[in-house]
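S.K.: Below are the chains, spelled out letter by letter.
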Amino acid sequence: MSTIQDFSGYTPTWCPGCGDWAIGAGIKNAFVQLGFDPSSLMVVFGIGCSGNMNDFLNAYAIHALHGRGLPNAIGAKIANHSMPVVAIVGDGDCYGEGGNHLIHACRGNHEITVIVHDNGVYGLTTGQVAPTAQKGFKSKSTPAGIIEIPVNPLTLTLSQGATFVAQSFAGEMKQVVEMIKLGMQHKGFSLVNILQPCVTFNKINTYQYYLKHIYKLGSEYQKDNLQLALQKAIEMSDEKFPLGVLYQVQRPTFTDQLPQLSQSPLVRQPRFTEIETLLGDFV
Amino acid sequence: MKFTWKIGGEAGFGILTSGVVFSKIANRNGYFTFDYIEYPSLIRGGHNALEVVASEEEVRALQKDIDFLVCLNQDTFKFHQHRLTPKSYVLYDSDEFTIQETNFIKIAIPFKKILSDLKGQLVMKNTIAIGASLSILGSDLIQLNKIIEEQFARKGQEVIDFNKKFAQLGFDYVKQNYTQHITSYLSPRKSDQKVVMTGNDAFALASVISDCRVYSAYPMTPSSTVLTTLAAWQKTTGMVVRHAEDEISVINTALGASFAGVRAAVGTSGGGFALMVESVSLAGIAEIPIVIFLSQRAGPATGMPTWTEQGDILFAVHAGHGEFPKMVFAPGDIEEMLELTAKAFNIAEIYQTPVIILSDMFLSESHKSVSQDFINKLAKNYKVDNGKVFKPNGLGSLQERYLRYKLTEDGISPRLIPGAKGHFYQANSYEHVEDGHTTEDAQARKQQVEKRNKKWDTYLSRDFEAPKTFGDLDSAEIVFVSWGSTKGPVLEAQKLLKQDGIATALIHFTHVYPMKTEDILPLFKDNKRYVLVENNSHSQFGKLLRMETGIDIKEKLLKYDGRPFWPEEIVNFINSTK
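Protein chains in written order, with our numbering: chain A, 2 to 284; chain B, 82 to 659.
These are calculated hints, taken from the structure and not from any lab test. Glycine is no exception: its CB is placed at the ideal position from the N, C-alpha and C atoms.
Short, incomplete list of chain A residues facing chain B, as computed with Cβ under 10 Å: (1) Asp38; (2) Val44; (3) Ala65; (4) Gly76; (5) Ile79; (6) Gly109; (7) Pro271; (8) Thr278; (9) Leu279.
In the EDC-like style, the derived pairs of lysine to aspartate or glutamate whose C-alpha atoms are separated by at most 16 Å in a straight line are: (10) Lys458(B) to Glu275(A); (11) Lys159(B) to Glu177(B); (12) Lys187(B) to Asp176(B); (13) Lys502(B) to Asp7(A); (14) Lys464(B) to Glu275(A); (15) Lys502(B) to Asp38(A); (16) Lys316(B) to Asp257(A); (17) Lys316(B) to Asp282(A); (18) Lys461(B) to Glu275(A); (19) Lys461(B) to Glu277(A); (20) Lys316(B) to Glu275(A); (21) Lys227(B) to Asp282(A); (22) Lys458(B) to Glu277(A); (23) Lys256(B) to Asp221(B); (24) Lys576(B) to Glu650(B).
Using the sequences plus the hints, can you model the full thing?
M.R.: So this is what it looks like as structure tokens:
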């Protein structure tokens, strides 16, 4: 059995009170509880305060380019689908710079767990707006308030074919662990959007703010109903943030549908050497 | 006897496929071929043409004169008439259009009538035309009939026989009406077993030979057929081919796969490569092997998608922000494409860095004869070289620490494939210390920069290959300098110049970046007439050569109209600028 200590790298450099602390601890707890050790999984980090977890979390990892973590994760999964693949990214990273990749990761049902730190700002570059910032949010890059309405990560992924969509809040540590575990246990693409305050640059979406606006989906909630999930997700625009698994269905994953991977992971297959069989096309 | 056969017609009616069928028949009949396609960036409408140069000897370029012009429409005649000679044959349908000119040999064949008599589809006009061509060239129909059988095997005997009929009628019409004009250009002869492939085919095949297991791409002319060929082969080869949402995803998919332990490659043209460039830099610092197939077309921006140019070599060489080692290879022909692609996969893995294979439309889409024996030997002798690999002793990270970016004499740190028990590491896009953790420490930064740079020194001493010379450098009065696909036209031009009594040599570069100065300087020691030949307007290779070696070639023959060089053009340049 692994321990939290096994997964712990450098001491985090996040600001005191930052939601990343809870998410970081939540991820490690989920890994331990699921029985993983640092050698048994691949993690891709984005760029941002969230991506800085690269030095604080032990695993086979890529610290990717800003926005490009998802295709790295997809490629790693294709090469070795026997290992779980997790992408730890931020809202600017995943919903801004890399938004296109998110859409297509959902469509393909690539079996990766995408954990998004959603705090509405770019902390690492000192507080400009993120795509999830609420309309009118004033920041250094939008001194008169942001003109655009926020990206809704839940409706976006639901409508693009994600088979697992969950939301959590950094102030609810136990729920964070639970959502990550469920996401990783899901066979297919999973999104865990984690709402979190940025104590340094976001004076609007504070712990108090979130505590006022979040609510938990009850045990009676039917998570295989897309209409219902969309209905709940749309309420985000009215500042009502559902926590829990909004949606989960089964659909064959990308790698499940590749016959060439049915016997063993690509990385462990014997080399193809019957070159002459290909020459027929050229005679 | 070398000759050019050219077929043209409206886009969308199988002209290009028919041209390739002709190349295959010529090869099966014992001849060498080289072909070239012309097509607009359209699916329907516009003019398509394909020309095949065939000979008993190896062919490497086009030639200006057309000996047999098959006109499936009037445009074909109009567009290519200027390349006819009194000895040329023009095959056309006099029911469809009339040709007033008489300064060549006219062979009128009732394509339309044959088609309507038998109620054939429009594409079968091509079959009649090939049957007629084979007749005039002194071939039989054996190979064409075999190809029809192969092509329609799944559709049954009736379809096969129906198609064969068109070939036979075209063939017989010429036999009966133009007996006196029948030649022996393509009469079957004995030769070694050959295949006919394009540069793209060669890259695809060599990537399979090299054990590439993930190929990721977004379609972009002229690189797209690598994607479609490898996709079609997946079931057989076991490779996974991903057509991703954009080129940024393409390269990052491949990098993720490579990190996880399989050989991976991507393919694109200039515009797609521009999108990949940030990730080329990621491969550089994170030290993830990747092979990038970059098939150039006439730019900038969307440019002329279906035409050729060598306009991206400086872009390729400088691609990626920051400093990191990368290698750029530019094959000059199909054989070199096979060899250098196979080499690129080893080099990428040994040096854990991006390797770019530069092609262009001319090399990517022209078919050339290749000895089947050459391919079989390459495949048989190819050794997958994984480079330095860390072998865990099983005691785990406490007893035996794995350092992903370990400082070494040759700059190469042993790799470890994720999943090995007891270990972990990160491939880091940030500067890092030896174990992969992020750093901003001055000393560690300096060490890692120097470590990465050393890989270049190691490459130059172990794996760089000096340019090949063709012809005798000592006795040559003129020395051509070129790189990549201009090789064929220059070699053919050298033959023509030799007939005129002019001794020439060619210094042809394939390992274009980085360069080992001390291997190159001796080739330029004499006071000769050096002529740089490039398919671009900035003489980009000339600049690169000067940057890398200090050699400055003053005399330049540059072509940038989207077309490849004619050997005759090179000859004229030499003769007119003595």
